[in-house]
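> Line by line, the protein sequences are chains S and E. If you read the first sequence in my numbering, its first letter stands for residue 1, the second for the next number, and so on. If you read the second sequence in my numbering, its first letter stands for residue 1, the second for the next number, and so on.
Fair warning: there could be bad hints in the mix.
One copy or two, it doesn't matter: identical chains are merged, so the pair holds either way.
[Said to hold, decoys possible] The calculated lysine-lysine pairs, modelled on DSS-like cross-linking and capped at a C-alpha distance of 30 Å, are: (1) Lys-373 <-> Lys-268; (2) Lys-268 <-> Lys-214; (3) Lys-237 <-> Lys-268; (4) Lys-306 <-> Lys-336; (5) Lys-237 <-> Lys-330; (6) Lys-237 <-> Lys-214; (7) Lys-268 <-> Lys-68.
These are calculated hints, taken from the structure and not from any lab test.
Residues per chain, in single letters:
There are 2 protein chains.
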Amino acid sequence: MGSIGHVTPQRLNFSEALPLRSGAQLRDYELVYETYGRLNADKSNAVLVCHALNASHHVAGTYEGQDKSEGWWDNLIGPGKPLDTDKFFVIGINNPGSCFGSTGPMHVNPATGSVYGADFPVVTVQDWVDAQARVLDVLGITQLAAVLGGSLGGMQALDWSLRYPDRMRHCIAIATAPSLSAQNIAFNEVARRAIITDPDFHEGHFYAHGVVPKRGLRVARMIGHITYLSDDVMEQKFGRQMRAAELGYSTQDIEFQIESYLRYQGDKFSEYFDANTYLLITRALDYFDPAREHGGDLSRTFASAKAKFLLASFTTDWRFSPARSREIVKALLDNKRDVSYAEIDAPHGHDAFLLEDPRYHGVLRAYFERIAKEFSA
Amino acid sequence: MGSIGHVTPQRLNFSEALPLRSGAQLRDYELVYETYGRLNADKSNAVLVCHALNASHHVAGTYEGQDKSEGWWDNLIGPGKPLDTDKFFVIGINNPGSCFGSTGPMHVNPATGSVYGADFPVVTVQDWVDAQARVLDVLGITQLAAVLGGSLGGMQALDWSLRYPDRMRHCIAIATAPSLSAQNIAFNEVARRAIITDPDFHEGHFYAHGVVPKRGLRVARMIGHITYLSDDVMEQKFGRQMRAAELGYSTQDIEFQIESYLRYQGDKFSEYFDANTYLLITRALDYFDPAREHGGDLSRTFASAKAKFLLASFTTDWRFSPARSREIVKALLDNKRDVSYAEIDAPHGHDAFLLEDPRYHGVLRAYFERIAKEFSA
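With the rest of the complex left out, here is chain S (with noise of 0.2 Å):
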């Protein structure tokens, strides 16, 4: 098993508006996306990989002449990796209204010649799904042989098996729901409060202000952070570890290791995360709800797929617990779909979504060698 080895990101421009669910209409707009493997000649092995929060369009490889710049699923995609780049064709989109290259609140908005800021519209997993199916029609793809996504990226995948049928065999969603709980949008909405709420966002118009709003940035990172990682993963990572042999009675410094870490964390992503995006991607997940639709129902909303489902969970993820995806399981089999489920038992909590685990892995191998059977055969 080795690396893809070097990737470049292209550059698609789309001149025709993107319709989002809002009503309002993305203009004149750029995405950014990588391939790996080869598309082969009845374009049949290409797998779309959706990424979630915090990722982007590199998937997988390096960049060259950057030693550390592993794509954010690099353990699981590449030559004779799980998601086999020998065998398959694989794509990574960046959504637009990311800070990682596509069309985005740091951009210059083409109606006013001004960045958009704040203005940026609000965009949705669908309108997302949309724009990466013009992605595959500039590509010439015109059937999926999966799309892969975990967490937001997860919900991408469902998405895609409810409004784009035709256009996927199989759907992979891993770590992730059919709607967010009261308790996700709680968490969504503190970390929305902080970055709105720092003096430093200037109702979202900050890069005029030649400032960033870091400590709300700082915050919601921590809080996130915090829910990526199970109870159990940060007592056995950090438990009450010291940073010194004696205490020092501060309610300012650091006093236990997982302060640290958790500063650091916040530190790190407040340099390089675009506050707008961050408002817009948790805005995103709050909204996900196609049973909405359908009175509520899910198995009445999962009558449309005609995919085959591959979904997996984690034990200790209390964010998008087990529970959640078997819901979507229900659903499947109440429609007669062919589903296979996969309940992980791992430490990491949301996280192990991104975690080399030789058993999830195990299953995600053994799931793209059915898949590969089909359009090798």
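Starting from the structure of chain S, add chain E where the hints point.
Okay, now just chain E, sitting in the frame of chain S:
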């Protein structure tokens, strides 16, 4: 079962400095307290109730002319109630460092003549217990029938049992833990960072600037509130209820009822709670770890305890889970102590300890009836 009726706080001044764990001293301080019921002739029916983060000496009853001023544990304490004031003499003491009457960061530091602010010394659970013991000295109570507390109040009850074993007969510790977990500390730290990085905090001396770090306090309270409630009860109370029939497609406006609820809780809290007190109290929570002085061995820690114990926890409390109470029960059993333990199946999360649940209150009623037999016999 009735209310105690009108109650009146009392105030004690201590001219003898209180030595603190940090090595500092609290000089010339005042403590506010309330008592309910009558102390019997041999002073054997006194119960001390210890308060948690957002509470005070005002445990039960109401203040004259303020109809909605019920004490924070009024459902438990009163004539005929589980902690029956016809039998017991109940004492509530506001801990130093609080913002509800006892000497705290909003008061003048006698050493400087200026308001303490961030210079208020860091106080610990042990310091609070020492301060409470001095109040009992003044009241002439040498041995308490019981010390009762929930959450951080439960930690104080446990500390009483370890450091004043001869001054109490029963320890009742509810929804508590022998120490905070890494996740608990993490949530406290995020809340503290939100407060400390609010530009209106002014390094803890915001009083002099005529401002209050309300943004930070709001975020801190919102985080806290999420952790007090169970995922289940949030789902039942709010779920994905929208404020309007149609989505507003906004990252800043309220879309979901849970957002409205959290913002309201945050706003309310920021109007009355002191930011420095918040830092002090969360730090006292972080520091509490009586096993630390015993090489982390909780069984050895409780070897000094002489009281009889009642512990109670709630199945959906993920902040102080039943597993943490069971650690204490095991340590007590290792020492062959008399211990009762109730794990209450309640949906309300950590907040359950403040609510009126018939099984929970039944357990407390029965235990207090047992205690009452000891001194009336």
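> To test your reading of the hints: which numbers does this structure violate?
Hint 1 alone not satisfied by this model.
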